[in-house]
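Participant: Here's the letter readout for the chains.
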Amino acid sequence: MKKLLETAAILLAAGAPVLAHHSFAMYDHTRTVTLKGEVTKFQWTNPHAYLDVDVRQKDGTTKHYSIEMTSINMMTRLGWRSNMIKAGDRVSVTLAPLLNGEPAGLMLDVTLPDGRKLEPGVPAVQTFKRTPPEEQQ
Amino acid sequence: MRIASFGGLVIGVIWCAVTLAAQQKTAVPNISGAWERYGAALGQPTADAQRRDGTFPPRATPPPLRPEPMKIYQARLKAIQEANAKGTPIATGYVQCLGDGMPAMMQAMFPIEFLQSPGQVTVIEEAFNQVRRIKLDQPQKSFGDVEPGFFGHAVGHWEGDTLIVDTIGIKESIQYQNVPHSAQLRVREKIHLVAPDILWDEITMEDPVMLEKPWTVYYAYRRMPNYTLLEYICEDNREFADKEGIQQIHVGGAPVK
Chain A
-19 MKKLLETAAI
-9 LLAAGAPVLA
1 HHSFAMYDHT
11 RTVTLKGEVT
21 KFQWTNPHAY
31 LDVDVRQKDG
41 TTKHYSIEMT
51 SINMMTRLGW
61 RSNMIKAGDR
71 VSVTLAPLLN
81 GEPAGLMLDV
91 TLPDGRKLEP
101 GVPAVQTFKR
111 TPPEEQQ
Chain B
298 MRIASFGGLV
308 IGVIWCAVTL
318 AAQQKTAVPN
328 ISGAWERYGA
338 ALGQPTADAQ
348 RRDGTFPPRA
358 TPPPLRPEPM
368 KIYQARLKAI
378 QEANAKGTPI
388 ATGYVQCLGD
398 GMPAMMQAMF
408 PIEFLQSPGQ
418 VTVIEEAFNQ
428 VRRIKLDQPQ
438 KSFGDVEPGF
448 FGHAVGHWEG
458 DTLIVDTIGI
468 KESIQYQNVP
478 HSAQLRVREK
488 IHLVAPDILW
498 DEITMEDPVM
508 LEKPWTVYYA
518 YRRMPNYTLL
528 EYICEDNREF
538 ADKEGIQQIH
548 VGGAPVK
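Line by line, the protein sequences are chains A and B.
Heads up, the first sequence stops at 117 in my numbering, and the numbers go up one at a time, no gaps.
Heads up, the second sequence stops at 554 in my numbering, and the numbers go up one at a time, no gaps.
Bear in mind the hints are in silico, worked out from the structure with no lab data behind them.
Since the structure is predicted, the reported quantities are computational estimates derived from the model, not experimental observations.
For glycine and all other residues, C-beta sits at the position ideal for the given N, C-alpha and C.
A few of these clues could be false.
[What the hints assert, rightly or not] Computed far set for chain B versus chain A, every beta-carbon distance over 10 Å:
| hint | residue |
| --- | --- |
| 1 | ALA346 |
| 2 | THR358 |
| 3 | ARG535 |
| 4 | GLN544 |
[Stated by the list, open to error] When the alpha-carbon atoms are kept at most 27 Å apart in a straight line, the in silico DSSO-like pairs for lysine-lysine are as follows:
| hint | chain 1 | residue 1 | chain 2 | residue 2 |
| --- | --- | --- | --- | --- |
| 5 | B | LYS368 | B | LYS487 |
| 6 | A | LYS109 | B | LYS383 |
| 7 | A | LYS43 | A | LYS66 |
| 8 | A | LYS109 | B | LYS368 |
| 9 | A | LYS97 | A | LYS16 |
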């Protein structure tokens, strides 16, 4: 229950408008991609945190994704901690893909192995149009 | 008897003067501590409620730039807009780990802290660990005696409950909201409480080269009584500006040092 409340608090706080920091214009605002994979690194740094994830492809190969988050100071105020994700965790990430097609994106939310869903507090997150998983390519 | 009454009156007058002086001396408010930008976040009163109780500052007006710098400013805004629309944003200083400088740091993108100590008020902006020192009760230097920097040379004094600050020596490359300024930029501030826990900074920019008249903008902050500013180090930044000044990102990990 406590965890549920914490998650609710984080999600609620994540809806708060925050002041623009860096531009996120390099990410696609018209669609999202949901990735399921294994975390190779959770980089807890400023100006932004990053989550590196290996995603198994249909042909058996692995594709590495770099996923940008927001400032760890913003994330900390939203309830995040540096130990919430670790290498080896299997996670599901909703991201706005990098427009140039490289395997990277901006994290809109992440679902942790224990089912908690967290948001990194992307400013103006409502401007990113979400694609339902069944419509994703 | 009459002498005694007169003596009492004199003592009374002196007592009143001393008390008044003491009150004036203690009129300097305690603004030390952490503050968050007020008026923009969830859990804060709506703009209408803030307007009703007088804590919502006036909205900013466009910069009254002279015709030539106005053209440069408008072209810059257009270029930013077009670059964003193309998905190739122009890199800001943040991408290169540079803080705002003055007066943009007073926007309080992240919480700020005021520290009052003898002879100095210090302002710290959590983002990029920006520190600004306002020396109290000292004369301002001349433009030629200040090396241009991010925060400039700031002097201040208390007029009653208002901290009056004068800042010069801000680098021309350090712009507030992309508004061009010259080496002659002077930033005047009036920092005062409008409610026990709401602080305003009235910022007036004067620049005889670029501005037709002084330009005033306002920021409001709310006290964060239980907050301690976090550290902020720009570390292993995967964002960078390419040769064209476009924001890019290292895909695959942080750049090798």
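Participant: Now tell me, hint by hint, if it's right for this structure.
Facilitator: Hint by hint, here is what the structure shows:
Separation of ALA346(B) from chain A is adequate, the least Cβ-Cβ distance of about 17 Å exceeding the 10 Å criterion. Against chain A, the non-interface label of THR358(B) holds: every CB pair exceeds 10 Å, the least being about 20 Å. Not every Cβ of chain A is farther than 10 Å from the Cβ of ARG535(B); the closest lies at roughly 6 Å, contradicting the non-interface assignment. Residue placement check: GLN544(B) does not keep its beta carbon more than 10 Å from all beta carbons of chain A (closest about 6 Å).
Proposed proximity of LYS368(B) and LYS487(B) is contradicted: the alpha carbons are some 30 Å apart, above 27 Å. Using a Cα cut-off of 27 Å, the hinted pair LYS109(A) and LYS383(B) holds, with the two alpha carbons roughly 17 Å apart. Restraint check for LYS43(A) and LYS66(A): the C-alpha separation of about 19 Å stays at or below 27 Å, so the hint holds. A distance of roughly 35 Å separates the Cα atoms of LYS109(A) and LYS368(B); the hinted pair therefore is violated under the 27 Å criterion.
Taking the CA atoms of LYS97(A) and LYS16(A), the gap is about 13 Å. The hint holds against a cut of 27 Å.
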